[in-house]
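There are 2 protein chains.
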Amino acid sequence: MSLRHALLGLLADGPASGYDLLGTFRTSLENVWPATQSQIYTDLTKLDAAGLIRIAAEGPRGRKTYEITDEGRAELRHWLLETAPEGYRRNDILLRVFLLGAVEPEEARGFLRTRAHSATTRLAALRSFDESMDWGGDPLSVYGRLTLEWGKRFMAMQAEWAEWAEKEVAALEATR
Amino acid sequence: MSLRHALLGLLADGPASGYDLLGTFRTSLENVWPATQSQIYTDLTKLDAAGLIRIAAEGPRGRKTYEITDEGRAELRHWLLETAPEGYRRNDILLRVFLLGAVEPEEARGFLRTRAHSATTRLAALRSFDESMDWGGDPLSVYGRLTLEWGKRFMAMQAEWAEWAEKEVAALEATR
DNA sequence: CCCTCCATGTAAGTCGTTACATGATTGT
DNA sequence: ACAATCATGTAACGACTTACATGGAGGG
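So the sequence lines, in the order shown, correspond to chains A and B. Residue numbers are given in the UniProt record's numbering: position 88 of the first sequence equals residue 88, and the series is strictly consecutive. Residue numbers are given in the UniProt record's numbering: position 121 of the second sequence equals residue 121, and the series is strictly consecutive.
Just to be clear, a hint being listed does not mean it is correct.
Which copy is meant is left open, so a pair is good if it fits within one copy or across any two.
Claimed, not checked - Cut-off 20 Å, straight-line C-alpha distance, at most; resulting in silico cross-link-like pairs (EDC-like, lysine to aspartate or glutamate):
1) Lys167 <-> Glu149
2) Lys152 <-> Glu168
3) Lys167 <-> Asp138
4) Lys64 <-> Asp48
5) Lys64 <-> Glu173
6) Lys46 <-> Glu75
7) Lys152 <-> Glu106
8) Lys152 <-> Glu163
9) Lys152 <-> Glu82
10) Lys167 <-> Glu107
11) Lys46 <-> Asp70
12) Lys64 <-> Asp20
13) Lys167 <-> Glu104
14) Lys64 <-> Asp13
15) Lys152 <-> Asp130
16) Lys46 <-> Glu67
Derived by calculation from the structure, the hints in this document are not laboratory data. Bear in mind the structure is a predicted one, so any value in this text is a computation, not a measurement.
Starting from the given sequences, assemble the full structure and let the hints guide the process.
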């Protein structure tokens, strides 16, 4: 259901075509809510049929520019403020950790080391992206910055946790 | 694909029936990899057909106890150590934050306050769960403790971030 | 002229959820 | 007896992915 809401949210900021929206998903939303070209086009058609968006203009190469309707704005508002987010839910790293008893402790430690390393690398990438951006005062920039900050804090947390966890496994290994 | 691996991982620890596994998903794996009864039974059938598990015994009420096969262990090992985890990926809270420009700053702050509050509540629940458990030395306990610790750190991070973010929005509101 | 980018659409298949459907065993 | 719990299965539907398919427009 959420991709439809993501599309509504982006269109609330101004009219755009499926192609334009695809670009936004590939850049800004890649790490928050990935979507494929195929899904974007089918959901735009459905939102149009449901009356939540409408075709504002048609351009060259069959381009269709969509805009949000009043009904769409109402639905977006409802979803944003009156529905409970799921939050985290389903984490394939933690699932692996939970099942790590199936391999040797030394291998488990290797897994955790790799996690620490990859979180550190990602953190560095997010930091340099943050510094390269010149954040404007427009809504998408402001709230985009908040999500980026979340990403940085998340990666820092993950790296520290993985290092701690590796030591825990090492300590356990030593007592046997 | 991962539910199949979760089932393999649990069966690597010892034989169990679909019903037994359902219990584990409802308790230990609820916040890591939720699964429904329906999905567990269909995937057990598929794993059996693929030769990764087999029926070890049949009991009363049609109970089937499954056990992992050597092929299953090999597949589990491969998935655990040689495939790249996806990690975070898709967060409906962050998606909402990214789109928060569609509502009034005061409403956005309310959203963030609610996030902070709910993360704090969840953190408290995890803490008391942790204290109520007497963690044994068996593999599932050891690695289960590591995932719980992750949950605590995650909730603490989320609460702090949400409080920080609310202030950022407030500061922005003041400059207009 | 050709390559790149713009631009949209559909089909097949997997994964997951909700709901329906059934029945045996055990403890009180 | 009857309620709770044990125990499994299937059907329909929604969300998402991968792959296929097509064609126009603009720049060098």
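Okay, the hints, checked on the actual structure:
In the homo-oligomer, the alpha carbons of lysine 167 and glutamate 149 lie at most 20 Å apart only across protomers (13 Å), although the nearest pairing inside one protomer, at 28 Å, exceeds that limit. Taking the shortest alpha-carbon separations for lysine 152 and glutamate 168, only the inter-copy value of 16 Å comes in at or below 20 Å, while the best intra-copy value is 24 Å. Taking the shortest Cα distances, lysine 167 and aspartate 138 sit within 20 Å of each other only across copies (17 Å), while inside one copy they are farther apart (44 Å). When the C-alpha separation of lysine 64 and aspartate 48 is checked against a cutoff of 20 Å, the pair qualifies only within one copy, where the shortest distance is 11 Å, while the shortest distance between copies is 49 Å.
Within a single copy, lysine 64 and glutamate 173 get their C-alpha atoms no closer than 61 Å, and across copies no closer than 35 Å, so neither meets the 20 Å cut-off. Taking CA atoms no more than 20 Å apart as the test, lysine 46 paired with glutamate 75 passes inside one copy only; the shortest distance there is 14 Å, against 40 Å between copies. Taking the shortest Cα distances, lysine 152 and glutamate 106 never come within 20 Å of each other, neither inside one copy (29 Å) nor across copies (25 Å). Both within a single protomer and between protomers do lysine 152 and glutamate 163 lie at most 20 Å apart by alpha-carbon distance, with minima of 17 Å and 16 Å respectively.
Taking CA atoms no more than 20 Å apart as the test, lysine 152 paired with glutamate 82 passes in neither setting, with 28 Å inside one copy and 26 Å between copies. Taking the closest pair of Cα atoms, lysine 167 and glutamate 107 come within 20 Å of each other only inside a single copy of the chain (13 Å); across copies the shortest separation is 43 Å, beyond that limit. Taking the shortest Cα distances, lysine 46 and aspartate 70 sit within 20 Å of each other inside one copy (16 Å), while across copies they are farther apart (47 Å). Taking the shortest Cα distances, lysine 64 and aspartate 20 sit within 20 Å of each other inside one copy (10 Å), while across copies they are farther apart (53 Å).
For a Cα distance limit of 20 Å, the shortest separation of lysine 167 from glutamate 104 inside one copy, 15 Å, qualifies, whereas the shortest one across copies, 46 Å, does not. With identical chains, the CA atoms of lysine 64 and aspartate 13 are at most 20 Å apart within one copy only, with a shortest distance of 17 Å there and 55 Å across copies. Only within a single protomer do lysine 152 and aspartate 130 lie at most 20 Å apart by alpha-carbon distance; the minimum there is 10 Å, versus 27 Å between protomers. Taking the shortest Cα distances, lysine 46 and glutamate 67 sit within 20 Å of each other inside one copy (14 Å), while across copies they are farther apart (45 Å).
When the structure is compared with the earlier hints, violations turn up for hints 5, 7 and 9 and for no others.
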